[in-house]
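Generate the whole structure from the sequences, applying the supplied hints.
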Amino acid sequence: MRSGQDTTPDVFFRNANVGGRQPEYVPTDSEGNTLTEEAFEKLTKNQQGPIKSDTDNGWVQWQLVDNGSPLTVPAPRRYFQFRIDFTNLSLDASRAVADLGFEFARPPVDRIVAEVGPPRTEVGKQTTFTYFARVANTTGRPGFTRFEIETPARIAALHSVEIQDREGNRLDGAEFGGGLAGVALPLHVGSFSIEAVEDDHFALNLPLINADGTLLKIVFDAAVFRYGTRFQGRAFADASVQVPLQTEGGDASAEQDTDELLVRIPVGSRVAGPLAIQPRTFTPNGDGANDVAEISYAVQHLLELSPSEVSIYDLTGGRVRRLNSVEVQNGRVQLQWDGRGDDDRLVPPGIYLAVVEIRSDRETERRFNSVSVVY
11 MRSGQDTTPD VFFRNANVGG RQPEYVPTDS EGNTLTEEAF EKLTKNQQGP
61 IKSDTDNGWV QWQLVDNGSP LTVPAPRRYF QFRIDFTNLS LDASRAVADL
111 GFEFARPPVD RIVAEVGPPR TEVGKQTTFT YFARVANTTG RPGFTRFEIE
161 TPARIAALHS VEIQDREGNR LDGAEFGGGL AGVALPLHVG SFSIEAVEDD
211 HFALNLPLIN ADGTLLKIVF DAAVFRYGTR FQGRAFADAS VQVPLQTEGG
261 DASAEQDTDE LLVRIPVGSR VAGPLAIQPR TFTPNGDGAN DVAEISYAVQ
311 HLLELSPSEV SIYDLTGGRV RRLNSVEVQN GRVQLQWDGR GDDDRLVPPG
361 IYLAVVEIRS DRETERRFNS VSVVY
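Here the sequence shown stands for residues 11 to 385, where the numbers follow our numbering.
No wet-lab data here; the hints were simulated from the structure.
Given the structure is predicted, the values throughout are model-derived calculations rather than measurements.
All C-beta atoms in this analysis are idealised placements derived from N, C-alpha and C, irrespective of residue type, glycine included.
You can trust all of the hints, since none of them are fake.
Label-pair restraints from in silico Cβ distances:
#, residue 1, residue 2, range
1, R274, V36, 28 to 34 Å
2, R240, N27, 34 to 40 Å
3, E185, D269, 23 to 29 Å
4, D269, T326, 56 to 62 Å
5, D269, G351, 53 to 59 Å
6, E375, S79, 25 to 31 Å
Next comes the structure, spelled out in structure tokens:
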């Protein structure tokens with residue numbers, strides 16, 4: 011599926027240098043007119059060039075969509091184009107689309123252009139990001155009071171939120187003081203509040219934003235685990251609205267020059283990050299002090315969900331406890347070991363190995379670390 015602002019989603023290119031050493035692709039015919047699809051089809055194969063989405067008129071690249079899932083395309087857009095591909099294992103059977111429908115809502119503002127920085131960081135490193143979102147609303151739409159940002163993992167801190175006018179003057183803002191560990195939500199500061207912090211996004215309630223040119227500035231700490239992670243923003247008229255207005259990457263503020271929503275990390279091959287255990291020695295005797303070991307590891311560079319298993323082994327190689335067996339995506343996984351085996355009995359004192367195993371489409375990767383149990 012894709013969306014755009016006119017009825018011509020594609021730009022057709024012609025090779026104007028047939029027989030030359032380097033092709034020269036132009037979007038016009040030999041008379042300088044825009045190359046139409048009909049004219050493109052009449053060209054010979056060596057004259058035909060690439061076909062690209064008409065981004066100048068708001069058309070985005072094709073993207074896969076699932077039944078019942080939200081459409082992550084810029085809005086508002088007047089036109090949508092759907093393509094449905096069928097595969098069939100039997101020559102005696104056929105398939106058909108019974109119905110096709112989608113839900114929509116009027117956007118709270120005309121559009122929101124956003125950018126995030128810094129554009130690069132290290133894999134799994136907690137980094138302070140600044141997110142700028144500029145509102146365009148020349149048609150007088152009612153505005154929004156809720157804003158969400160998609161994140162690759164649960165954010166560690168939300169430092170501040172600020173609203174500025176077109177000239178950069180501060181209109182309102184809130185300082186949230188940083189770390190979110192153990193903080194009860196919603197957290198209110200003045201007319202702002204942190205409504206939710208989840209593994210894949212966080213949500214803010216704001217004073218009404220509807221003036222054209224208004225700038226929203228959000229500073230938060232997050233870790234990135236995959237190259238080209240997108241910090242997609244979503245604006246809702248209020249908490250009851252189900253269909254949001256998605257932000258578009260672009261030049262939102264002179265303070266930042268990234269002009270996009272993507273953050274990149276060095277490309278790597280290891281999908282399992284370091285396995286950390288705290289404390290390395292614990293005493294599961296039920297006195298409330300050091301009763302459990304906190305185990306955490308990073309999952310990185312995955313393109314899709316992959317099976318993961320965390321187990322505890324003794325030094326003879328025997329497994330004493332399977333802590334979990336789940337499908338994981340990029341991010342940090344945290345769990346606890348209470349010193350008990352699969353039989354729910356406390357293990358003997360000694361040194362044990364925690365092993366995380368991730369099975370990606372390339373290979374099975376393991377990480378190890380030791381932990382001591384004493385009484």
